[in-house]
Every structure is written in structure tokens, then in C-alpha cells.
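Undergrad: Protein chains in written order, with the numbering used here: chain A, 2 to 700; chain B, 2 to 700.
Everything labelled a hint here was simulated from the structure, so no lab data went into it. It cannot be assumed that every hint is accurate.
Each pair may be met inside one copy or between any two copies, as identical chains are not told apart.
Claimed, not checked - When the alpha-carbon atoms are kept at most 25 Å apart in a straight line, the in silico SDA-like pairs for lysine to any residue are as follows: (1) LYS324 <-> GLY337; (2) LYS89 <-> SER6; (3) LYS390 <-> GLY354; (4) LYS24 <-> ASP359; (5) LYS429 <-> SER362; (6) LYS444 <-> GLN282; (7) LYS89 <-> LYS115.
Everything numeric in this text was worked out from a predicted model, so none of it was measured.
Number of protein chains: 2
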Amino acid sequence: MSFESFFNPKSVAIVGASSQKGKVGYEILSNMISAGYGGKLYPVNNKADEIEGLKCYPDLESIGSVPELVILVIPAKIVPMIMQQCAKLGTKSVIIITAGFKEVGKEGKALEEKVVQIAREAGIRIIGPNCLGIIDTANKLNACFGGDLPDVGGIAYLSQSGALLAAILDIATANKIGFSKLISIGNKADIGELDLIKALANDDETKVIAGYLESITDGDEFVRQAEKISHIKPILLIKSGSTAAGATAASSHTGSLAGSEVAYETAFERAGIIRCESIKQQFDYAQAFSNQPLPKDARVAVITNAGGPGIMAADAIESKGLKFAKLDEKTIEKLGSTLPAAANIHNPIDVLGDSMADRYSFALSTALDDPNVDVVLILLTPQAMTDAKGTAEAIVKISKEKPAKPVLTCFLGANKIAEGVEILRNGKIPQYDSTDGAVATIKVMTEYVRWKSRPKRVVKLFPVNRRKVENIIERHIRQGIREVGETESKEILEAYGFFTPKGSIATTADQAGNIAEQLGFPVVMKIWSPDILHKSDVGGVKVGLKSVQEVKDAFDLMMYRIPKKQPDAHILGVLVQEMCKSGKEVILGMNRDPHFGPLMMFGMGGIMVEVLKDVSFHLAPLTSDEAKQMLIDTKTYKILKGVRGQQGVDIDKIAEGLQRLSQLVTEFPQILEMDINPFVVGPVGSTPIAVDARMSLEV
Amino acid sequence: MSFESFFNPKSVAIVGASSQKGKVGYEILSNMISAGYGGKLYPVNNKADEIEGLKCYPDLESIGSVPELVILVIPAKIVPMIMQQCAKLGTKSVIIITAGFKEVGKEGKALEEKVVQIAREAGIRIIGPNCLGIIDTANKLNACFGGDLPDVGGIAYLSQSGALLAAILDIATANKIGFSKLISIGNKADIGELDLIKALANDDETKVIAGYLESITDGDEFVRQAEKISHIKPILLIKSGSTAAGATAASSHTGSLAGSEVAYETAFERAGIIRCESIKQQFDYAQAFSNQPLPKDARVAVITNAGGPGIMAADAIESKGLKFAKLDEKTIEKLGSTLPAAANIHNPIDVLGDSMADRYSFALSTALDDPNVDVVLILLTPQAMTDAKGTAEAIVKISKEKPAKPVLTCFLGANKIAEGVEILRNGKIPQYDSTDGAVATIKVMTEYVRWKSRPKRVVKLFPVNRRKVENIIERHIRQGIREVGETESKEILEAYGFFTPKGSIATTADQAGNIAEQLGFPVVMKIWSPDILHKSDVGGVKVGLKSVQEVKDAFDLMMYRIPKKQPDAHILGVLVQEMCKSGKEVILGMNRDPHFGPLMMFGMGGIMVEVLKDVSFHLAPLTSDEAKQMLIDTKTYKILKGVRGQQGVDIDKIAEGLQRLSQLVTEFPQILEMDINPFVVGPVGSTPIAVDARMSLEV
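Make a model of the complete structure from these sequences and hints.
TA: Listed below in C-alpha cells is the structure:
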């Protein structure tokens, strides 16, 4: 989509414009006028001749030209009719403010579908319905009833909650937070978050894309696109409904279905999206991203006029995994030669309680010159001699003179620092009301830098026998069989380069003995019957059989005992299988998320997964690095590497297994769920074995 | 200490009072006057006859009566002289504002010690030096140069950072946060945090004790006292310097030594102290504790005029482990009969975007009546019809009519909600700028309630042979031996009721065989020499010996080989010891913290402690519940209980072991460090064995 006709329209018609204060049709018209919109503005209302000094038209047609943007503030049931008129007229952009659609139930949903159908046929794009409208500060467009036009700035905001947008506008006005655009996306019947984020990526006014979402419509495509856009500018999102209670509240609110929380986590991580927990946190981050350069690395220098806040900042820096900058010798020397003797010339630089603007200015300038410093955090508490205003001016000046490194401030207080804070805000210096907030912001900035500089994702494609898998899966789907059995699951795995234990079905004790002899001892035996799901429960599994005699005995015992336990079971024989050499057991798995597609799982086997739930997740398709990271992300990764002199296992082979499985489930979207459990892996150079597998299809 | 003469003095002298604006001696006098202090005020300065309309005295003596409180704002070096005058005069309470003492190094420290000595001899109590002073709102006493007298309220604040106190005062004034008392404790040369907290516990004006501390002077006593006080009123503390970087910054700032972070954590937990991470968080909590009743349980009802914030609150409630209240049928019915059809009458109760005060009022009143609701959180975003002021008034009114349950609000916005927020603040309704902040506050309130209602701590005392341990320890200390050897460590453990493996020293192979036969096989053999610390390294440990012959062979091999490896070792023989029956290995340990005394440690043995650092801590002395909690606090506790059909071990016996060790290290403060590793524990009913122990003494 192009933004042009939504955000920079030459003419705007408001259908349902009203002269009655408090009515939405009045608020929007009045907001358009007071924002100073420069284009042509047409109120449409068949009960008025003039509203707010503007000629009022009885209907769209009588305007006599085609308004580029039409805003609808009319009862839901007549929206389709007006949409028809728009179609006839040739308008391509419509904002539907009106509520009473999908969010109110079945009838509303049908109405919404009708509206969308009209739009699709006529090539009309819609924002809404059930929204507050849109704002574009650069074009002085306030087509919204959320509040006054805010300051111009680099933050674009899109919100699935109109009420929240209204609160944000109020907070923004009070704190002079600047925006490029604000969009209330409402029911997103047509234009959704992805369209907007893509358009905002190319919007020169926008430096940061921020938003509040309760659902993401096309998760898979969203991740793909967002990953590209995150390289251009940061995306900061609140995704609510992340808990069961929240999701229930969300679905009763918007009717949208919650995706799985872990899928959202991994999707955002892949896409480089910075997830925020609250509006406050989001604006903490956004003001830094939109106004300051990115830091090269995570080494933070702190300048303070008080010990206490300095210590609190040091605590926060260390506990968040940032680095407390070790100042260069020259810096220390320079600070020492000018600051009073009692000052601390090491990090945190304490310019002392009686510091005026000059010492701050000098310390900041010196710290910015230090090659060991990537970012400077300035703390100020209002003490007897403190000059918050002058200090703020000095900080803005120095930061403009030396713009290569980010500078953040935390002036603690209220009235005594208010003037200073205003100067900082106008001077584009991000200011925080707690050391924690400032340090958390530095943390996400460094994480974003790290994300951006990661190597390009290359997903390796292994040569596989795709046709074979196709055949098996198609046959199952044709026959409506959901679960793929053990033998065929293994055929599929072998077609994708996995090794599975060798073995054959024996129908007599002698045959079992022969098979075992060929495989070599020890062997495993498993009863073979489509009717027996839990083989162990009926005594249908024997492991560690060491001789032909033991194999024969086991065969006969199974044949004698199992029919007694489960008389209706059709027994096909006994599987005699090679037994895996000792190794660690791990689990490779996949669950298909309804929003984001295949979600890969890696788990430590045995007791670890049971006691510690020691698993990690990542969206497919996996790169080699991502597969390895999944191993590293488990709590007991060290066990794979080998501890206490125990030999480690072949990490790369596990990663390869994950990549192969990732390729399989990516190439076959029919696979809904899949587990290789256990996947037995030995020391470096050995071949891991997919001992058992489970797979279900969408039929 | 009594507060009387510090906080409600009938007369105050300010030595170093000044008529020069900006000087501290002026600021304090001026603050005293403008606060409306009702007692007698004596400026003392030999260079002025009158300051700010008050008669000025050349020295304390010439006042002609004894000022109850003396404030010193004079150069550090003449402080001892003036203290002598105070002593002579009979003043008992002195605030020393002056800096230049312990915090500037050796000379300052000596000066401070001199001042304290004068005070001790004369029975004078001191606040400071190096502080901002004190404030008492009820008595209109502003003996402080941090800012104006704040509103009267239930929060007492003590701060080890003067600058932070100044920032807090500024924030408090702007946000109308009420205080009972504020105390800048400075270098705490005499009066420290504990004196103040004890006094504030009995102060009727104070509902909540809050503070910022960089160090705690007498940790052990602090915990004991704070535990009692926390039952009377909540204590909310920021303890900074919790990371290595923070601690370094703190020690360079105040010269105070950092205790171990884990000791602080466990000490605060035992004492019921609510730890805060930032000033903002602290006041988030404090305003609720000081103005609202405590909730009975954790079931939260949410009322909102917007879906988005409702979902965010639901997310926060669930992710913080609180309960999302399930409304009573009657409540739902009542809500349904009055609210519009589109409203959500289940939790979160959505009164809709066009709600005025009436719906909020009705919903709040109804929710407070619901027996399934313990606390109500009200959300408001400023929408077209929203009446923030009227809604705030309604909330204050209903909350006063139904005062049994806590009510918190989160009005999101700024200018549009400002009037409402002021009404809430004046009406003692805690108001938050994010749902997160509100929910975090509810969380700590419920945790505090839980802490208060936990059963009384009863530390069981086991009958032990204390005299025996005394003898061993005293002998070691007399001889300057720091490490207690294996034999005597075990004697000590046996004296405290532990079982250790049976065994004796053999000096010949035959003797070894006989001992083994008596013990029963298998046995363990260990070389016995005071010179060999690492027995395994020289081949001095053999386990699992199953026959007399194996024992004899092992003996002879050790005797042949070890002298070759370590020719200077004096070998006393070989210890032949029973071998533990199979069981789980765990570690029981203790480290004596310099501030808080014996810190007990429990760890899972083997691979768990190595890979997962799976350990937990608690301060001694331990109750039975606390000992069990230490086990539960480990990540792999389930393994002790038994997983995958494996039999569990005797949990109570491990807890008893921890309690016995706790008793030992509490009764013998000479023990600096101690480990029982491994402590082998079997199934319920079996006797655990302390296989090996290590102990070091303070010599």
C-alpha cells in the first residue's frame, strides 16, 4: 500500500460530520481544522449547510470532485451504502471510525465482510472499522478523535486499542514526545499491522516504529517482513494477551485468537522486534532510538553529582549484563587535572554535590572522547548548588558537538528539575525518571545493535528424497490417517538423512534369532501390532538381549503372554532391532503454531526434561547457528559438552539433526507435530540415531 | 533511643546559622522558619546580631537555656570544640550537617571518632555527620536543607544518600506524597538505621518505614529487630551496591564494606523486609501500604473503560502469580442488570469507552461486595466521554464507604487525567502510571500478608554434646590450627547427632583385613597422613573393596607406592571405613557472612551442583520449615522426591541435618566455614551418613 492518500491527501471528506460538540463527527472535523490541515475539507451531512464555517454537503456526490480520503462517522448499518458511493465516486482511501462490526458478534462480522467485499471490488483500502482514526504530524493531519495534534518527531505508533492511543496522545502532549504518525488500526478489516509497518519502513519521517497489538494476523509473513524492516529501523511492540488470563480477556475483547506465547517470543526474536512490557517502557526505549545514535558496544560511563544514584546505576549496569566502562588513562588524567580533588575520576565520575553546569559539561565532553566509552549516562539530583537548567543546556550542546555516541540522562526529582527536563526533551536527549529505566534502554539499544550485526541468515538445504516423503504423506492424507506409524515415520526420517536403528520383523522365534545374529548383539525386541499403542504396558519391549537363546525366549514369551493380556490385538510379529551404542538421549521436535508456522523444539532427554523442563524453541527454518543456539539455550548444555571428565557428545550432529528436521517440516506444511525421541548421540565423529519418532498430519 | 528531642524539641539552636542565601546555615534556618516550627529557635553565629528577624547568639552558652536540639553547620575541625560545649551545657541531641569526616579518609575518620567519644561520654546522641538533616511533618520541623516541608503522611524515610533524599523531597512535593519523617543518616557515626527503624516502629504517625541504604552496620541484630518490626508495619528498603560494580562504587563512595548479596537477600526475606529496586518502585509500594488496608488474599478484580489496558492488567496479574478473581454469580447478575449490554460483566469488568463516573461507581461498589474479590484495580483511559474527575471522586467515596478491601487505580494519560489523579492522591487512593506498577504493588502486598501470617519461627534445639566440640575447637584455636582434620570434624559432627561412616586405622595389612571383616563389605580405604591433603592424587583412596584379600592388596600397594610419590609424608596408616549404601549425595554447608552471621547452604550433589549451580541459602538458625524450604528452593528438588518411578529419599532427614548443622555453627561462632560433602541420604527411614566434612576456624 502507499501512504499518500491516507497521510497526505489533497482533500478529505468527513461523512457524518457534526456541529454538536462531544459527537465524534464534530471532534474529528474540529481536530482537522485546529491541526491546520492545508488541503480541502468537506463536511458531509444532509442536515446542515455549514459546520465550523465550512460548507457542508448533503452527500459525497454533491461535492463535485473526488476526495482523496473519506472518513466515515456514521451508523454501522449504512456504512455499506456509503462505501458503494465511494466506489462509484472513485475514492481509494477510507477510514471507518464507526464501531459495531466484528467486535459485537455474528451480525457485525457479516456487515464487516460486506464492507470489505465492496472495498476489494472497487480497489478501496480501509483503515478500521472501530478505530480512532489517524494522525500525521508532518502534514498537519489529525483525522482522529483521540486528542490534539502532538509534536513532530520520529516515532510512528500503531495501536490495536483506540483507548490506549488516546492515553498515549495525552501523555505525549504533556511530555513533548514527538510523533511522525499515529494510527488506530481498529478491527483491521483490510489494512493490518503488516501493511502499515511495511509502509512506515519507507517513511522518511519515521525513525522508530512502535505499536500495541493484541493479535498478529499473518504471523509467518509478518516475521519475514519484520526481519527485513528491523534492519532499516527498530520496531518496538507491546503484544498483550500473553498469559491465559490476558488471552481470555483479549479474545472476549476483540475476538482474535491468541497464538502461543513461546511462538511470539521466538518470532519477535528472529524478526529483531524489541518487545515492550508497558507503554512507559516503550516510550523509554522509543525516545532513545528516535533521537540518539546507536552505541558501538555496551561500555557505559556514568557521570553523577551524587554517590547514591551512581551506585544504583552501577548495580543496574552490571545486573543487566552491560559493561561498566573502564576509563582510559588519559581520560582519568584529564578529569583529575580539572575536577576538584574530592571528585571520583573513575567510573562513575562523581562531579560532586556542588557541581554546576561547567563540571558536567567538562566531564561529558571528556567521557565522549574516551575510546573505551560507548555510551554516557548522566545522573543529576537537585542539591543546593545544582543548576538543572544550565546543566541540561550544556548536555544538549556537547551532545550536538559530539554526536557519535548516545547520551542519556536521569535527572531525579520533579519541580526543581522541570526546566532542565524540558530543555533535554527539546534537545533530543532521552531523559528517564529512574536509573533503571535509563539502563534498561541502553541494554535494548546494545541488543538491537548486536541483532543487526549478526551474520546473514543462511539456511542450509540438505539433499533429500522429497518424493518419497510426498508419497507417504499423500497416501495418509488420502486415507484420512492422522498418525504416521513407526515404520513409515522412520522411512520419512531416512529420506531426510537421519539414521534409524536397523532391524526387521520376525514371525517365528528362529527368524528372530537369525535377525539378531545378523544385527549383532545386544538387540532390542518390540511387539509389532497396530492395536498395541503402549508396548511396554503389555510386556512388549525387551532390551539388552545378548544371545540367540535370549532372543528366542523373549519371542516365545511375548507370543504366549501378550494375547492373554490383550486378546483382541492383531499381532504381526516382533521387531528385532539393533541396540544403540551408549550416548546421550535428546529430543528433537516440532509443533506447528497457528500464527507462525513450525516451531522447533530441542530438549534434553531423560530426567532433565522431566525435572527441569529443559527445552528450547526456535522458529523453522533454522540456520546452523540458530540450531546450535537452541542447544546452548538449555540449562544443562554443559552436560552435552561433557562434565566431570565425561566425554562430550557431537554437538554439531545434533544441530544438523535439528536443521534436517526443520527442512522436513518446512517443506511439508501437512506435518502438524513431530518428535524424534530419543535421538541418541555419541562422541564426536559417531553417527546419531533417531531411535523413535512420532508424527501427526493435518488430514 | 527516643525521638522526642530530635523530632519534637521545645527549642532548637543552629550553630553556624547564616544570613547569606545559598549557604547551608541559611537554608536550614529559613526552612525551620517557613515550615512554621512552633518552639524556640536560636541562631548561633558570633558575626551577626540578628538573622531573619531572630536574635542571634555569639555562642551556645549565651543563649541562657539548654536547647533540646542543636544543629551544627560549621567547619569540621571545630565540631569537637562545639560538641564539648554541648556536653557542658547538657544538650542531648545533636545533628551534625557538616561533611569532611569518615568519608574523606583517615584524618576525617579520626575526627569523627573524637566527636563520637565526646558524645558517648556526655550521653549525647548524634545524627550525621555529613547529612542533610531531618524533617518531621507533624511537628512542622524542617531541620534540613533538602527542600520544603512535604505534606503530612504515613511514610517515614531514612536515606544514606543525602542527594537522593533531596530528589525524593522534590518528587514528593510535586506528587503530593505525604511523609511522617525524613532522616538523612549521613555517616551514621552514632545513630544508625537500626536505631531509627526501632524508633519509627513505635511512631504513631508512621505507617510504613522506607529507606535507602548502602550498608547495614550490625546485620545480625538488624535482622532480629527488623523481623519483629515487620510484624508491626512494613519496611521497604533499597539496598544498593548489590553487584560487584555497584559495591566498588559504594565502597569508594562511603567507605562501607559490601556484604554478600545472597546474605542480604536471605536476611531481608527472613526479616520480612520488602526490597525495592528503584525510588519509583519504592513509592509505588509505599503509597499503597500507607493508605490502604492489606488484602486478605490475592484475588484481583479489574474494572476498565478500555479493552487494551484490561488485557495488559490480566497479563500482569497472571504472570506475577496473582489470581484473576472469578466473580460471584450474584455479582455477575447485578452487573448485567445495570451495565449496558455490550459491557463485559466478567473480570475484567469493562464499563465501556463511554462510561462516566456512575458506571465506575456502581461497578466498584459491586466488586467490593463480592466475597471472591480481595482487591480491586481500576483502569481508566481518557476517551471522549470520560470524566476522570468525577470518576476519581466516586472512587474515593466508595472506597471510604467500603474500607475493608484495598482499591488501587491506574489512570493512563497526563493532562486529561491530572485533576482526577489529584483527587485520588488527596483521597488516599494509590494511583499508578502503568498497569505493571499497580499489579507489582498488589503482588508485594499479598506477599507481605503471607509473610506476616506464616507460623511463628521455632528453632528446635537438639540435645548435643557441646562440651566435646568446645574442647576440640578450643584446642585448635590455642594451637593456631585453622583447618580441623577429618577425624576431629567427624567427632564434632557425631557430637551433634550426625552419623559418620564407621572405621578404624590399620597399620598392617592383616589389621586392615580384620577391620574390614568386622565392618562388613564393601569397604573404603584411605591413606592416613597429616601431610597428604589430596589423597586421591597419590592413589590414597580405594573404594568398593569386596574381600579381605582385596583389602590386604590395597593396603600393601599404598604402602609401597605412596612413599615413592611423596617421600616426606609421615604416614600413620590406612583408614578402613564402611562404604555407604547407595543413596543420593547432597551437600550441607555454611559460610559465615561478615554482616549477617552463619549463612546455611544446601546443594544437590554430583553433576547438578556443577552444571546448574543448584544450591540454596538461608540464614541460621533454621527452623524445620526453613530447612525444608531450602530443599524445595533447589531446581532439582523433584529428584529428591523421586522421579520416573525412582524411590525418593528421606527429605526430613536432610532437613534435620541442616538444622543440626545450623545449631552447631550458631553455638560456635568460631566456625568460619563448614561443608558436609557428601551427605548421603537414602529412602525414608534410613540413616543418612556424613561421609566427608571440612571445617575452618577463626584463629
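Undergrad: Hint numbers the structure violates, sorted upward?
TA: Failing hints: none at all.
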